[in-house]
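Please model the complete structure; the sequences and the hints are all you need to start from.
Take 9 as the starting number for the sequence shown in the working numbering and just add one per residue.
It is worth saying that the hints were derived from the structure and are not from the lab. One or more hints might be untrue.
Calculated lysine to any residue pairs in the SDA-like style (CA-CA distance at most 25 Å, straight line) [stated by the list, open to error]:
| no. | residue 1 | residue 2 |
| --- | --- | --- |
| 1 | Lys421 | Arg99 |
| 2 | Lys153 | Tyr191 |
| 3 | Lys421 | Leu159 |
| 4 | Lys421 | Ser255 |
Computed spacing ranges between beta-carbons, pair by pair [unchecked claim]:
| no. | residue 1 | residue 2 | range |
| --- | --- | --- | --- |
| 5 | Pro147 | Ala283 | 52 to 60 Å |
| 6 | Glu425 | Val360 | 25 to 33 Å |
| 7 | Ile227 | Val122 | 42 to 50 Å |
| 8 | Tyr368 | Leu159 | 43 to 51 Å |
| 9 | Ala283 | Leu393 | 45 to 53 Å |
| 10 | Ala102 | Arg209 | 48 to 56 Å |
| 11 | Leu200 | Gly238 | 17 to 25 Å |
| 12 | Leu60 | Glu150 | 27 to 35 Å |
| 13 | Tyr169 | Leu207 | 39 to 47 Å |
| 14 | Gly391 | Ala286 | 51 to 59 Å |
| 15 | Leu159 | Arg282 | 28 to 36 Å |
| 16 | Leu207 | Leu396 | 54 to 62 Å |
| 17 | Pro364 | Pro416 | 19 to 27 Å |
Quick reminder that beta carbons are idealized off the backbone N, C-alpha and C, glycines included.
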Amino acid sequence: MPDTPTLAGARSRGQARPGPSVRLRKLGHRPVLDGLRGLAFLLVFSGHAGWLPFLRPAETAMFLFFALSGFLITQLLVEEREGTGSIRLRRFFARRALRLLPALIAFLAVWMIVVLVFSGSGWTVSAPGKPGSPSGGLPPLEVLKLAGAVLAYVANWMQIYGHESSHQPLTHLWSLSVEEQFYVIWAPLTALVLSTGALLRRRSAARRGQGTGSALLVIVAVVLVVASLGAATWHFFLHSVHDPRVSYGTDTRAGAFLLGGALAIAWSRHWIERAGTAVRRALGTGLRLKASPRLASILVVAVALCLLWSGRIEGDAQGDLAKSLSYLAATVTAPLLVVALVGAPLTPFGRVLSHPVATYIGRRSYALYLWHYVLLTWFHELGGLGDLLALGASFLLAEASWRLVESPALSLKRRFEPEGRLPGRHPEAAVETDRLPVQVWVLGDGADELRELGRLAEALREEHPGAERLARLLREKAEEGGVHEPGCDRVDADPRRREVAGSRQGHGDDPAL
Numbered sequence: 009m010p011d012t013p014t015l016a017g018a019r020s021r022g023q024a025r026p027g028p029s030v031r032l033r034k035l036g037h038r039p040v041l042d043g044l045r046g047l048a049f050l051l052v053f054s055g056h057a058g059w060l061p062f063l064r065p066a067e068t069a070m071f072l073f074f075a076l077s078g079f080l081i082t083q084l085l086v087e088e089r090e091g092t093g094s095i096r097l098r099r100f101f102a103r104r105a106l107r108l109l110p111a112l113i114a115f116l117a118v119w120m121i122v123v124l125v126f127s128g129s130g131w132t133v134s135a136p137g138k139p140g141s142p143s144g145g146l147p148p149l150e151v152l153k154l155a156g157a158v159l160a161y162v163a164n165w166m167q168i169y170g171h172e173s174s175h176q177p178l179t180h181l182w183s184l185s186v187e188e189q190f191y192v193i194w195a196p197l198t199a200l201v202l203s204t205g206a207l208l209r210r211r212s213a214a215r216r217g218q219g220t221g222s223a224l225l226v227i228v229a230v231v232l233v234v235a236s237l238g239a240a241t242w243h244f245f246l247h248s249v250h251d252p253r254v255s256y257g258t259d260t261r262a263g264a265f266l267l268g269g270a271l272a273i274a275w276s277r278h279w280i281e282r283a284g285t286a287v288r289r290a291l292g293t294g295l296r297l298k299a300s301p302r303l304a305s306i307l308v309v310a311v312a313l314c315l316l317w318s319g320r321i322e323g324d325a326q327g328d329l330a331k332s333l334s335y336l337a338a339t340v341t342a343p344l345l346v347v348a349l350v351g352a353p354l355t356p357f358g359r360v361l362s363h364p365v366a367t368y369i370g371r372r373s374y375a376l377y378l379w380h381y382v383l384l385t386w387f388h389e390l391g392g393l394g395d396l397l398a399l400g401a402s403f404l405l406a407e408a409s410w411r412l413v414e415s416p417a418l419s420l421k422r423r424f425e426p427e428g429r430l431p432g433r434h435p436e437a438a439v440e441t442d443r444l445p446v447q448v449w450v451l452g453d454g455a456d457e458l459r460e461l462g463r464l465a466e467a468l469r470e471e472h473p474g475a476e477r478l479a480r481l482l483r484e485k486a487e488e489g490g491v492h493e494p495g496c497d498r499v500d501a502d503p504r505r506r507e508v509a510g511s512r513q514g515h516g517d518d519p520a521l
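Shown next as structure tokens:
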């Protein structure tokens, strides 16, 4: 077998670079995102239990949950469009229904039985963290109305228009309604904009700009983010800083979703790295920005602390301007934390979130979220012991939900996965797959060489054993250059420390999504 062509040889002969200049980066399964979701649940529970009141953690976590949903859902939709040439909305909503409805229906069935059997007991409708209990329970008609609003995903609007006091037993499910309403609007809009971009590219004489549709989608998302924040600010100044219309409104809450989606596109299209490189070049050689793992760690922790602090201010702010600015800060920093951890999962904070305990909580976070609030409601009169009992019972019921309800539904859900989503053996497959025994996050000096070597090795490794030489060259390059610029900038030759970025289980199969 002839020697595998090297990058230098290809350039010396004037050959074209292998593969496309920009290839969509696939997300795959990222344990750090599971851990981040688990952290968000713990923040929610702490807030609802009345722990850490000076941080207002539950309100902060909502921004984080929404940013995660926007990032992951947009990434999955873009990958489906890239892999199959279209977005099949019926399959998308079938996957959403199979993921969300079975556990929700099981939860509501148990809740309805309990509140109807103990209809004369005030503990079934009391709110955690508030002293005293109502004298009676909920009438059957009210129970059915509340359950119907949750199943129809309109619970947030019920709370906005005067039903909050009677809706306390299920008050936490407003966020599920907001998420589902976002899916209903964002998924068709994404399909439309990406199709429009593909049409414009086909009609272009030069047929350039593979990311035309993606660029249009980012523009649309940013415009809608500005509109969402503008609507929230308008309500703050016109009505009250505690206006439920802002807290529960789909439009006013859409900012974190949309910005998460825009950052997902920028990450998958390598635009974040390009922007970083452009900034470095603009600063000139007189001011070199050398990256290090420590700098990446500092940046990730700084964003996390900014989010935590902005959420606290958002909860406590009394003035219109302070409330608006803190709401803006939380909306922006939550998606930034998501993309920062995707780009730098091997920072100390990322390693903590990738721990099996954190990822377990994240994978069970949906059922944990469903159950925790009503359990706090039922046990809160016991004080701190009741909170601990509620936490333990939440984990037991979440595990039962996972084993008895969610796992069987997920087996059906996978039947509706897009055919082109799993990483295949196409010569132009992206670097982030589980077939390379190295990890490549590239930005800065040497980026082109490392990226092209990775593409060559990925394209030839399975068909031609000689491609192992390219993988060896890639490792040698990593040893020479070490860690380059922050963001996506680590080359790790140790397979034991490998982040399996393109594994065959992506977040579309993730139980938490």
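* Any of the earlier hints contradicted here, and which numbers? -> 4, 8, 10, 15
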